[in-house]
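Engineer: Residue numbers (numbering that gives the first Met the number 0), protein chains in the order written: chain A, 0 to 261; chain B, 0 to 221.
Since the hints were made in silico from the structure, they are not lab data. Incorrect hints may appear among the rest.
[Claimed, not checked] Covered by chain B, according to a simulated footprint, are these stretches of chain A (three or more residues, beta-carbon under 8 Å): (1) 101-109; (2) 165-171.
[To be verified] Below, a list of computed lysine-lysine pairs in the PhoX-like style, where the Cα atoms sit at most 20 Å apart: (3) Lys11(A) - Lys29(A); (4) Lys112(B) - Lys11(A); (5) Lys53(B) - Lys112(B); (6) Lys96(A) - Lys112(B); (7) Lys96(A) - Lys132(A).
[To be verified] Okay, the calculated beta carbon distance ranges per label pair: (8) Val199(B) - Ser177(A): 34 to 44 Å; (9) Gly61(B) - Thr114(A): 47 to 57 Å; (10) Lys118(A) - Ser208(B): 32 to 42 Å.
Glycine included, C-beta positions come from ideal geometry on N, C-alpha and C.
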Amino acid sequence: MIAISNLSKSYKTASGVFKALNKLDLTIEKGDIYGIIGFSGAGKSTLVRCMNRLEEPDEGTVAIGDTVITELEGKRLREARQKIGMIFQQFNLLDGKTAFQNVAFPLRVAGRDKTFIRKRVTEVLEMVQLSDKAGHYPSQLSGGQKQRVGIARALVNEPDVLLCDEATSALDPQTTYSILELLQSINQQLGLTVVLITHELEVLQHICNNVAVIEQGEIVETGTVDQFFLNPQSDTARRFVNIVERYRQKRKLAVEGVGAGI
Amino acid sequence: MRDDLFELLWEGLRETLYMLVWSSFFAFLLGMLLGITLVATEKGGVLENRPIHKIVSLAINGVRSLPFIILIVLLIPVARWVIGTSLGPTAAVVSLSIGAAPFLGRIVESALKEVASGKVEAAKSFGASPLDILFRVLIPEALPALVRSLTIAVIAITELTAVAGAIGAGGLGSLAIRFGYQRFREDILFATVIVIILLVQVLQWTGDSIVRSINRRRYKPE
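Full structure from sequences and hints, please.
Structural biologist: This is the structure in structure tokens:
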């Protein structure tokens, strides 16, 4: 479904050239919920932004289904993007538009007629359980509600893929949970492929089937989420899993009274 | 106080308002065009074009670095060519529009650049074209800042009409100089000053109210 090969991207910084992605290869199956995990600066945000060309890769290819995204320009790229939904950490809703207008925006851009827009937006808002908030402006919505609007906006064009860039990082644990549940049910209902960029293990645990670990712009490990937790191979994966393990040990000792004073 | 006072004031005010409305209108059109061009063509802009950006930016800086009174003199041939005379309020509109447009261009530019880059990124992600991003994302999102900028510009143009008045444009500024200064009519001088102060207050209040009403709609409490 998503095939990435030999993808490279570097940035010029004050201290020289920074390689954000280094000849990276990755394949994601259709209908999967796929997590890409890494520490800050590992290149995960750059990777997801290269998938819909919000960032231009220096070399390599990205293909989604039969479409080679990295070959497209102008109008054809914009049409391809309509089939790749994206949600963001900071939601990125338009403050001057209501929830309804925000969700309608991708359809207006795509040149759909009013009747169709009204019907489709109502439908999608219902899917994210926000029908009663259609006339509200973003400033009147909670973080979780804003992300639901973001999800509705990403889904309104019936995309094949949903890219999630740290979509729950700005949310509290309970809201995170409800957003993840929503993503999972959308994945099941619509069968679309979900790619989640994250540094939160809970996100992997809750909904991902497969995971790729990214480190210094390279994929250092791929496999099922179970493999990741039970038998982490790469340095990054072990560090992630160890943090959880160490924390658990600490609490256990503290509860048992052995480790008093930790 | 003599009985010609109100008549003179009324005529001056009418000429000033005439210059103000038309100069603001043309300066706004030109300024929006310049500001949008600057934002669209800058590095990383939706229609990135470094040469155009450089040229527009240099032209703006060039016009802005001239003192207004010198600009008016320079533009006398232009005014004569456009409307056939270099005297009176209509001629002044030409100079005022051209003089104020670069300033407006800069404040439109800064208002548009205040819009969070994430909003532009989101719009791109669902297939918005460069024009969609300019006219359906940046301008509507920057609307309160744009109205605030326009208020500043209109008040600056009020000042400039008085300067233009000094060299034959008419209006309140001309009244203050011709009668108040050159004919020692202190009553006219003070009355003119009061009218200009009131005019500026009304303009600021109008701008503030428009911004308030936009924000009240967008940020109304539940």
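Engineer: Now tell me, hint by hint, if it's right for this structure.
Structural biologist: Going down the list of hints, with the structure as the test:
| no. | hint | result |
| --- | --- | --- |
| 1 | 101-109 | holds (count 5) |
| 2 | 165-171 | violated (count 0) |
| 3 | Lys11(A) - Lys29(A) | 35 Å, violated |
| 4 | Lys112(B) - Lys11(A) | 23 Å, violated |
| 5 | Lys53(B) - Lys112(B) | 17 Å, holds |
| 6 | Lys96(A) - Lys112(B) | 19 Å, holds |
| 7 | Lys96(A) - Lys132(A) | 12 Å, holds |
| 8 | Val199(B) - Ser177(A): 34 to 44 Å | 53 Å, violated |
| 9 | Gly61(B) - Thr114(A): 47 to 57 Å | 52 Å, holds |
| 10 | Lys118(A) - Ser208(B): 32 to 42 Å | 38 Å, holds |
The structure shown violates the earlier hints numbered 2, 3, 4, 8.
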